Amino acid sequence: MSTLTGTPRGSKDVPPPLRQRRPKPERPVWDEELGPLAKAGKILVLAVVVLAVVGPLYTIVLTSISSQSTITRAGGLVLIPGEITFAAYQQILSGGVVTRAVLVSVGVTATGTAISMVVSVLCAYGLSRPGSFAHTPILFTLLITMFFSAGIIPAYLLVSGLGLINSYWALILPTCISVFNIIILRGFFMGIDRGILDSARIDGASEWRTLTHIVLPMSKAVTAVIALFYGVGYWNAFFNAVLYINDSAKNPLQVVLRSYVLQGVSVPGQVDVGTGAAAGPALQMAVIVLATVPILIVYPFVQKHFTKGVMIGAVKG
Amino acid sequence: MAGRRRPRANMRLRFRRDRSLVLMALPAIVLLGVFAYIPMLGNVVAFQDYSPYVGVRSSPFVGFDNFARVMADPDFWHAVQNTLVITAFQLVFFFPVPIALALLLNSLISPRLRAAVQAVVYLPHFFSWVLVVSVFQQIFGGAGLLNQSLRAQGWQAVDIMTNPDTFLFLLTSQAVWKDAGWGIIVFLAALSAIDPAQYEAAAVDGAGRWKRMWHITLPGLRSVIVLLLILRLGDSLTVGFEQMILQRDAVGAEASEVLDTFVYYTGVQNGDWSYGAAAGLIKGLVSLALILAANKLAHIFGESGVYSK
Numbered sequence: 001m002s003t004l005t006g007t008p009r010g011s012k013d014v015p016p017p018l019r020q021r022r023p024k025p026e027r028p029v030w031d032e033e034l035g036p037l038a039k040a041g042k043i044l045v046l047a048v049v050v051l052a053v054v055g056p057l058y059t060i061v062l063t064s065i066s067s068q069s070t071i072t073r074a075g076g077l078v079l080i081p082g083e084i085t086f087a088a089y090q091q092i093l094s095g096g097v098v099t100r101a102v103l104v105s106v107g108v109t110a111t112g113t114a115i116s117m118v119v120s121v122l123c124a125y126g127l128s129r130p131g132s133f134a135h136t137p138i139l140f141t142l143l144i145t146m147f148f149s150a151g152i153i154p155a156y157l158l159v160s161g162l163g164l165i166n167s168y169w170a171l172i173l174p175t176c177i178s179v180f181n182i183i184i185l186r187g188f189f190m191g192i193d194r195g196i197l198d199s200a201r202i203d204g205a206s207e208w209r210t211l212t213h214i215v216l217p218m219s220k221a222v223t224a225v226i227a228l229f230y231g232v233g234y235w236n237a238f239f240n241a242v243l244y245i246n247d248s249a250k251n252p253l254q255v256v257l258r259s260y261v262l263q264g265v266s267v268p269g270q271v272d273v274g275t276g277a278a279a280g281p282a283l284q285m286a287v288i289v290l291a292t293v294p295i296l297i298v299y300p301f302v303q304k305h306f307t308k309g310v311m312i313g314a315v316k317g
Numbered sequence: 001m002a003g004r005r006r007p008r009a010n011m012r013l014r015f016r017r018d019r020s021l022v023l024m025a026l027p028a029i030v031l032l033g034v035f036a037y038i039p040m041l042g043n044v045v046a047f048q049d050y051s052p053y054v055g056v057r058s059s060p061f062v063g064f065d066n067f068a069r070v071m072a073d074p075d076f077w078h079a080v081q082n083t084l085v086i087t088a089f090q091l092v093f094f095f096p097v098p099i100a101l102a103l104l105l106n107s108l109i110s111p112r113l114r115a116a117v118q119a120v121v122y123l124p125h126f127f128s129w130v131l132v133v134s135v136f137q138q139i140f141g142g143a144g145l146l147n148q149s150l151r152a153q154g155w156q157a158v159d160i161m162t163n164p165d166t167f168l169f170l171l172t173s174q175a176v177w178k179d180a181g182w183g184i185i186v187f188l189a190a191l192s193a194i195d196p197a198q199y200e201a202a203a204v205d206g207a208g209r210w211k212r213m214w215h216i217t218l219p220g221l222r223s224v225i226v227l228l229l230i231l232r233l234g235d236s237l238t239v240g241f242e243q244m245i246l247q248r249d250a251v252g253a254e255a256s257e258v259l260d261t262f263v264y265y266t267g268v269q270n271g272d273w274s275y276g277a278a279a280g281l282i283k284g285l286v287s288l289a290l291i292l293a294a295n296k297l298a299h300i301f302g303e304s305g306v307y308s309k
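Protein sequence lines, in the order shown, are assigned to chains V and P. Residues 1 to 317, numbered by the numbering used here, are exactly what the first sequence covers, in order. Residues 1 to 309, numbered by the numbering used here, are exactly what the second sequence covers, in order.
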């Protein structure tokens, strides 16, 4: 932002406007304007790209809140809003399998993300000072796991050997550390000005205090991004649940989503004999929306930091 | 003697100075030790006739029998073939998409529009595979939006989600929908690192839009493209595991069996643990070799690779 060369804020003669608008960036003089055809093509491609992402989400959300008659008239998925009702959400959230799955997913995500963040931030900070005791061997221990993973069978045997089958811990512990995320965090911590850390030390702050009072407040953006990465990982975990959870009462939302939408198992409450199965699509879409909503809520707050967070790790790792 | 004592005293001193740092790294090391390193040792079951009733410790050793069986199994080779075909296909049809998207986004003048489009295209990366496949099912499935409207127009419905012949296209378009936007991050960063003065100089020298792209933009991206291409090659034995499992029922094993699913179905599903572990170990070792080779290749091309030297 600071690189923008615009007119200086408020010159002498004119009073500054109340709302400052950033000056519009100009096309460099040597860069000739696109022809009308090329311009139209560019806009078209952009529109297609954006529509390809937004379109499906739009129709799915709309269908989930549409009444049966609207869905039947539209033949499955609703494109034009008709009668709006939240009956589908009421139905799946009033107890039963979906409600329980939402609770499981929320619990696993919250607990898992908290554990992952504590462990990762500590480890990243501990490794952020090259030349410290055992720095290289520890870093190496971490990095090796990025190149060789043991495979599904030994992992399964270990989890079952630890007695974690059908335990929520099986959804958390095996995936609780991502070395990649630690490397990103470490890269950021290493970029913090040494002078600040040294002066903290001189003032008598321990490493723990330095981490909690100086380093963490300085790295809110990157920790938020990493927390989102971890959180999304837990929220989306599907295969680990298939592998380690046999008790269907403990299934997280993604597994329930698969059985209702992909395998066509009927959503509980869907088949009341009286009303028939016509509300099926709305219920299915409501489950899809439930699986998406937490991501959509957190995403806008963290999204703008992605590039910075990801690139710092990649450059310095 | 003094020479031997000094470094040790030095070590002790350094440990005392850095012990809180080491302590901080400890939980991560313990977790990795349990959930990454112990399973590596657990691969001994590949050399055993493992039975869950007697456990790893007392199952009889059979040497390389399991590996011999895997190598002689046509199903295994079929999975290898599928894996490599899917990787090659995605290299051709998936890999260039983020580059093209990044060039397009980079050509937008308005930063606000650019940020908005970026926010939208990153989003699907954070959806689970279950969700992505569900969305595709709703749009392209037999009772989906596309077929509904085709039938409403009186046309023949098309079979997309359950057709083994077009499965490769389906897989790739799902991958593009989910991850192409995310893939542009690295390219955008590389693009922003190109000095605008180069464009200006080229323009003054009379280079048009395409000439500038060819002689400045693409060379500027070269190192990133080479690096990512090599990394993908090193990773070529791994293709969307969850994606396959989710769609296996619909399209059948013939088209969707890849190495990871082969290990899962022979090992966990059929209970032939040692056999699955042997196949998994082969995959892991070949992957490791591929990654190391890819890195070597990166160094030959003068890139820094994943690790340096």
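By construction, these hints were calculated from the structure, which means they are not laboratory data. Remember, predicted model here, so these are calculated numbers, not experimental data. C-beta atoms are modelled at their ideal positions from N, C-alpha and C, and glycine is treated no differently. The reader is advised that the hints may include incorrect statements.
Stated by the list, open to error - Facing chain V, according to a computed beta carbon distance under 10 Å, are these residues of chain P, among others:
| # | residue |
| --- | --- |
| 1 | N43 |
| 2 | F47 |
| 3 | V54 |
| 4 | A115 |
| 5 | W182 |
| 6 | E200 |
| 7 | V263 |
Hint check results:
no., hint, result
1, N43, "holds (5 Å)"
2, F47, "violated (12 Å)"
3, V54, "violated (13 Å)"
4, A115, "holds (7 Å)"
5, W182, "holds (9 Å)"
6, E200, "holds (6 Å)"
7, V263, "holds (5 Å)"
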